[in-house]
Amino acid sequence: MERHYLLGNEAIAHACLETGIGFVSGYPGTPSSEVIDVLRVQKDPAYYVEWSVNEKVALENALAAAWCGIRALCTMKHVGLNVAADPLMTSAYTGVTGGLVIMSADDPFAHSSQNEQDTRCYAHFSRLPCLDPSGVQEAHDMIATAFEISEEFSLPVLFRPTTRICHSKGDVELGPVVRNTKKGEFHKDPRQYVVIPAHTRILHKKLNEKQHALKKRLVERGLNYYTIRGKTAVIASGIGASYVQELLPPGVSFMKIGAYPIDEEWLGKFAQQHDKILVIEELAPVVEETVRQVAGCVPVFGKINGYAPYEGELSPAVVALIMTKTGFLEKNPFASQDPVQNLPSRPPILCAGCHHRAAFYAMKKVFGESAIYPSDIGCYTLGIQLGAVDTTICMGASITVGSGIAHSGESRDIVCTIGDSTFLHTGIQGLMNAVYNGANMTVIILDNRITAMTGHQPNPNTGITATGVETPPVSLDAVCRSCGATFVETVDPYDLTGMLRVLEAAKKKTGVKVIIAKQMCVIVARRSGVKRGVYAVNPETCTGCGTCVRFGCPAIEIIDKKARITELCSGCAVCVRICPVGAISREAKK
Amino acid sequence: MTKSFDILIVGIGGQGTILASNILGEACLFEDRHVKGAETHGMAQRGGSVETHIRIDGLYGPLIVPGTADLLISFDLLEALRYSHYLKSGGKMVVNRHMVLPTSAFTQKSPLPTEDEVVAQLARFDPCLIDADRIATEAGSSLAQNVVILGAASWSIPLNAESLLGAVKKLVPPKTVEANVKAFEMGRIFGRT
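So the sequence lines, in the order shown, correspond to chains D and R.
With the working numbering applied, the first sequence covers 1 to 590.
With the working numbering applied, the second sequence covers 1 to 193.
Here chain D stands alone, though its shape is the one from the complex:
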C-alpha cells in the first residue's frame, strides 16, 4: 500500500488501474476530465482509451466493450449524461457482462456548469445502482466495488462524485496496478442485445426483479451503514456526510448513504428507532424523499420543509447552520463572517492573446450591438463580458437557437459562435438542419484545434488521438459543405483585416454562412514553443483613449493615463490594429 497526495480524479483513475480496466471512453467536462487525462498518458496501457466526440458516442462504445466481457469505464460531467441518456436508459435492460462504470460528475454550485442537476435522479429513473462517495479515499475505494456490483448484477453502475470530490485532494492509500488480460469477445444473443418490443418487455421485468437483491447487497457491502448513538439521527450522503461527521455532537445517531437504491426496509427500521431525523445531502432531496416514505410519524427535517437549501453546494458552515436551526447543535460553532465589500471583481477571462477575443471584436464591429449572438459552451462563453454572447443553453445549441430565432420572424442579423469541439459534439446536426430548412444566419466556428476549457483534450479536429497517436483530422470545411452550406470561409482571426472582410461578405449574403476562425489555442501555442514577439506601447503617441483596454486583453492595463503592455503578452498583435493612433508596435529585441 502506498500513500499519495492526490486529486480526487487522480485517485479515481488509479483505482481503475487497480481493477484491470480494459476499455475507457468519455467526453471532457469539468469536474470529470482528469480521470481520462490520467489514464491516457500511462505508459504501455493494457486497455483501450479514447476521448469520444460526445457522451452518447462514449457510452455506446463503452457499453459494447462491456458486452464483450471486459471492464469498461465511461466518464462525463452531469449534463453529459443528458446527451448519453438514450443509451443509458436501455443499457439497464440489456445489462453487461464485463463491469461497466459510468462516472457522471455532478457540480453543485455550478462552479463550471450550466445547471445543478443530480445524477442520482438518473439512477432512480433508469433503475441502475449509483455509488456516491463522500471523500477522495472513498471515491478511490468505491471503484473496485462498483465494478464488482456491476458484474454481480450484470448492470451498468453509475458513479457520482461531485466537484468537491473530483477537485479535492487528500492522502490516499493506493493498491497495486492490475493489468487487464482479457480480450473482448462478443457472444451473439439477440434476446439480450436486440431490444425489439418482444425482448424488451422481458428485459424490463428482469431489471425490476434485480432491485430487491441489489438494495440488500449495497447494505451488505457496507456502502450504506449507521451507528446508533441516541434518539435523534442525521442521515447524510456525499461530501455532506464528511461535513456532518466533523460537526456531529455525541449522542446523535449517524447514517451514511453511499449507494442507491436504498433498502427501504432497512432504512425504515433505523428511522423508527429515532424521535427526529435530519437529512443532509447536496442537490435533489433523493435520500430525504426515501426517508419520508418510511419515517411514518417521525419528524424529518431537510429540503422539503425548508431547513436545507435545494440549490448550491454544502459547506461545513452551511451544515452547521442547518444543524443549529433544527436543534442538532445547541450553538453554531461558526460566527458569520462578512467579506470586505466593493472590491473590484476578478472573474475568469479569456487569456491574453486568445483568438476568440479577436473574432468577437471583428464580429461586433461588423454586425454591431443590435445583432443577436447565440453562443455555446466553451472558453468563448466568457465572451459574455465583451457583449458577444446573448444565449447559452447546452452543448451544440448555438446554431439551433440561431435558426429558431431566425425562423421566429426576428429580422435582425443572427451570428452564432461555437467552438470546434462543441461543433463536432452536437453542432453538426443543427447546421444541417438550419441549411436544409433555409435559415438566414451566420455561424462562426471558433476553431482552436482542441477542447481547451476542460484542459486541452484532443478532438477529431486536432489530428492526434487521446494517447497521442497521429491521425488525419476531420476537415471542418468539408463537414460544413456536406451539411449543405455553400458559403464556407476559413480565416485567421489574428488577421483582423481579413476577418472583417469575410464577415462583411457574409453579412451581405442570405442563407447560412459559415466562417471558420482558425488559430491555435494560445496556451497550446505557448507550450509548444511558438514565440510571436512582444509588443509595447509608445507613451509619446498613446493618448490614453482606452480603446485597447476595452478590448479586454489582460495583458493591457492603463497606469497614469497611459496604456502599458505587461509580461502576459503573447504577441497576437491584434491590439496593434485596434489602436486608433498607432501607438502599439513590436518591441525591438533587447
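Hints were generated in silico from the structure; no laboratory data involved.
Do not rely on the hints blindly, as some may be mistaken.
Not the full set, but computed from the structure, chain D residues with beta-carbon under 8 Å of chain R [as the list claims (entries may be wrong)]: (1) I239; (2) S242; (3) P316; (4) N332; (5) A335; (6) Q337; (7) P347.
The list that follows gives simulated cross-link-like pairs (lysine-lysine, BS3-like), each with its CA atoms no further than 30 Å apart [as the list claims (entries may be wrong)]: (8) R:K109 - D:K43; (9) D:K561 - R:K109; (10) D:K365 - D:K231; (11) R:K170 - D:K365.
What you are looking at is a predicted structure, and each value in this text was computed from that prediction instead of being measured.
For glycine and all other residues, C-beta sits at the position ideal for the given N, C-alpha and C.
Given the coordinates of chain D, assemble chain R onto it according to the supplied hints.
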C-alpha cells in the same frame, strides 16, 4: 471538531496556488500526517480569482470555514483582502506585496484601490508583506514567486522546513530545482524578520 491546521492559499489562476498546495500535501506525507485540500479547476481558473484550501491533519471535508483559517497565504494583494474574512482572529497572513490589476477595472470601469490603500486595509491583520518578484528574480527565476512566499510562510506552518524543502525538490521541474530551493530559503529568511 478536528484540530486541523487550516491554510487558505489565494491568488489568480496561473500564479501557482496548486503547486503550493502540492508542496504542502507532499510535506505532510513525508511526516506521515493526514491532509485534505480543495482547489479551483476548469473555466473558473482562467485568470480569475482562485482559492486553495489545505487542512493539515484534516480527516473530514476539504473546505475551511470563514473565520477559522490559521494561515492565509496570498499571491496578490487584492486577493488577500478579498479572502481576509477567512482568517481566524489572531491568524497569520503572508502576502505578496503586488497587485495584478483586474481587467474588469478597465472593461467595467470599476473603481480600483491603489496598492498602498490595500496595504492600509490589511494592516489590522499585521501581515507579512513580501516582494516576491524581487526575491524570486534574485533566486534565479521570477516564476518561483509562489515558492518564495511559501518559504516566508513556513515559520507559521506546523511542518518541518526540511519536509517542505524536500517537497519543493520533488515537485518542481528538474531544471528549476536550484532556483526554487534558493527561492524557498530566501523567502524563509525574509519571513523570520
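Evaluation of the provided hints:
Because the beta carbon of I239 of chain D sits about 6 Å from the nearest beta carbon in chain R, less than 8 Å, this interface hint is met. Checking S242 of chain D against chain R by beta carbon gives a least distance of about 4 Å; that is within 8 Å, so the hint holds. Hint on P316 of chain D holds. Least Cβ distance to chain R is approximately 5 Å, under the 8 Å limit. With a cut of 8 Å, the hint placing N332 of chain D at the interface with chain R is violated, because the nearest CB-to-CB distance is about 10 Å.
Restraint check, A335 of chain D versus chain R: the minimum CB separation of about 6 Å is within 8 Å; hint holds. Taking 8 Å as the C-beta contact cut-off toward chain R, the hint placing Q337 of chain D at the interface holds, the least distance being around 4 Å. With 8 Å as the threshold, the beta carbon of P347 of chain D comes within range of chain R, its nearest partner Cβ sitting at about 5 Å, so the hint holds. Distance check on the hinted pair: K109 of chain R and K43 of chain D sit about 50 Å apart at the alpha-carbon level, beyond 30 Å; violated.
About 14 Å separates the Cα atoms of K561 of chain D and K109 of chain R, which keeps this hinted pair within 30 Å; it holds. Straight-line distance between C-alpha atoms of K365 of chain D and K231 of chain D comes to about 68 Å, which puts the hinted pair past the 30 Å bound. Between K170 of chain R and K365 of chain D the CA atoms are separated by roughly 50 Å; this puts the pair beyond 30 Å, and the hint is violated.
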